[in-house]
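Colleague: The lines below spell out each chain.
2 protein chains.
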Amino acid sequence: MSKTLAGNAVIGQSGGPTAVINQSLVGCIEGLRGCDAIGRILGARHAVRGMVENDFIELTDVPQGRLDRIANTPSSALGSSRDKPDEAYCREIFQRFEENDVRYFFYIGGNDSSDTARIVNETARREGYELRAFHIPKTIDNDLECNDHTPGFPSAARFVAQALMGDQLDNAALPGIKIDVIMGRHAGFLTAASMMARTRDSDGPHLIYVPEATFDLDQFIADVDRVYTQRGRCIVAVSEGIHDDEGTLIATKLADSIEEDAHGNVQLSGTGALGDYLVQLVKERLGARLRVRADTFGYLQRSFAGCVSEVDQREARAAGRKAAELAVEGMEHGSIALVRTGEDPYAVDFQRVELSDVAAKTRTLPREVIVDGCDIAPSYRRYFEPLLGPLPAIEQF
Amino acid sequence: MSKTLAGNAVIGQSGGPTAVINQSLVGCIEGLRGCDAIGRILGARHAVRGMVENDFIELTDVPQGRLDRIANTPSSALGSSRDKPDEAYCREIFQRFEENDVRYFFYIGGNDSSDTARIVNETARREGYELRAFHIPKTIDNDLECNDHTPGFPSAARFVAQALMGDQLDNAALPGIKIDVIMGRHAGFLTAASMMARTRDSDGPHLIYVPEATFDLDQFIADVDRVYTQRGRCIVAVSEGIHDDEGTLIATKLADSIEEDAHGNVQLSGTGALGDYLVQLVKERLGARLRVRADTFGYLQRSFAGCVSEVDQREARAAGRKAAELAVEGMEHGSIALVRTGEDPYAVDFQRVELSDVAAKTRTLPREVIVDGCDIAPSYRRYFEPLLGPLPAIEQF
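Chains as they are written, first to last, in the numbering used here: chain Y, 135 to 531; chain A, 135 to 531.
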């Protein structure tokens, strides 16, 4: 292991944008800037696509003030991609890396992206190309293995909590049954965070459904009926990834055409179909005259400008910086994991883990926090509280 | 006109909640508190419904600190209603008013609510019941006659702008065609406010469709095709109230069952159907493999906790206080109108207008700001700027 590997660095941002993914980009740049061995710092436009197409943004000398403004801007400033590189794709990447004397590779993304970093790293080693390859965690789904939580999640969770705080007050003013569809294909963390909207016992959401539990349509109707009978209103938070006992997504039961991305993921966001389906079901089973509405939070929850967790901002920056520091110090590859080391006061440590321990794996909600398949245990608030930060004060008559 | 009419006061909040309707409630309470003639201050639960059912909240001695927290809480703290009182309904209201010695009636709401205030006022006069009846303006639709803008609108418009700021960056990172459906049945102010998301020429929204212009499906497809061909992406902001040249709502063309409220309004919010329909249309006409998505902002835009215009907060409070002051001073009835009296610096005046000048009328976007049926004139930013306040800073490569 040559400690002072000289060369240029490439940084890419992959997968779905978040409110703080640019913090990680800027943290990584800051971590590289102090090092003499690093020549140029290049940002790959649209992730691996920019790497094969030689489409780079020069980041070496961007003034600090501009970097700070980029860091505070939501979405992926370099552009993103959902391409999943195969062997041929990777060989093209190396050709460009050699042409550009790239020896440092940082890839900010979720579990699909960590798998991309793993493939690039392993191909580099097989081809005898000396490369330092790091994955920097990012996903609003909060589903990366080895992590207590992942940058991007706290801000998205904060959006969900603030949305539900307002929405459940709206529903208290004009009572009815309201269904809110929240992102989360396999992991229900974001939907579970809706529990943070409650400021007193009667507050919604009254029912929370996550992909970790089987979604039974009859049970759902019975749950809604029970809450509505008791309270005269009912707020439901539901993950887009809910599925029946055979694992079939409820959302795909009604889609005319199923769209899949390069990773084989079915499109769940950017459509109100699941919410509308559940509304129709409730009306058919409980009464056509009931006031039943659905909102699908969609892309707003990951990129809304001006709704961000300060803890998330700091941690995303620190994760990017940590990856750069480890690479500069001579570590050849890895992913950065956020490990909670203190509860009161809250503290977090940034630890190196193996790419293969994170790549293409999915962490899900602890089983024990799911109550009766339709709620989250009140004790789980303690997990969310330090991540989301102080929420708006609510006062009710 | 007896200047010192002694009696109790009733305040109600009607129609769709907003982020600042509680500011108007608290402003009204503050305006009444200093007056010896006012005995009790009662809040009607769920608007006119609470008035006939004798369901009141005692507001006379609520401590100021609690009032301030109520003021800063979104949605209608008293509860709301969409009931439209007829003559019989109004006679019931008077019976309760007499029982409770109510001589001051304040109704916070939109154009349907101002019509309710007008009916109550006129019935009171016909029945010889001395009553001071005031409408306090509130609507995110911004569609009240005589007003430059209405409390609730600036905060909702701010939400729309912040949502589009993030969403158009998200779309720049992962390009495609994105359709955002925004509230607005007859007036396109809220959808037009999406223009505030642009920080440079290439930013979205690239197309804006409001109910004041005819929506032609063929022209829409041609517009999207043109923008997408030029930019490789396209963000569309569209009002839920878009309609064809015969006035038929596009949203109702595809609904299985149409739901109407007591005012004869078709349900447009709380469903993703319009967005999903437009997505399917774009895919059918421009290519099934295109990445086309829709989000429907739904109830989030009117009640989101923690996204509020400070100007809106102040003005909503002042409008409530003004109504109380006029009533206490001896004015018998009226509505409060917000009139812009200064541009730089921005200034607004709160003026009394006749209930009949506002009731059940709809103000719409000035014709001249609609450009080619698919955009808003850049000069119209000056109308929105002081209302929304400073937006999050955006930096892009």
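Hints may contain errors.
Pairs count within a copy or across copies, as identical chains cannot be separated in the list.
Mimicking DSBU-like on lysine-lysine, the simulated pairs with C-alpha atoms at most 35 Å apart in a straight line are [what the hints assert, rightly or not]:
#1 K218 <-> K387
#2 K387 <-> K417
#3 K417 <-> K218
#4 K495 <-> K417
#5 K218 <-> K495
FYI, nobody ran anything at the bench for these hints, they're computed from the structure.
Colleague: For which of the previously enumerated hints does the structure constitute a violation, in increasing order of number?
Modeller: none
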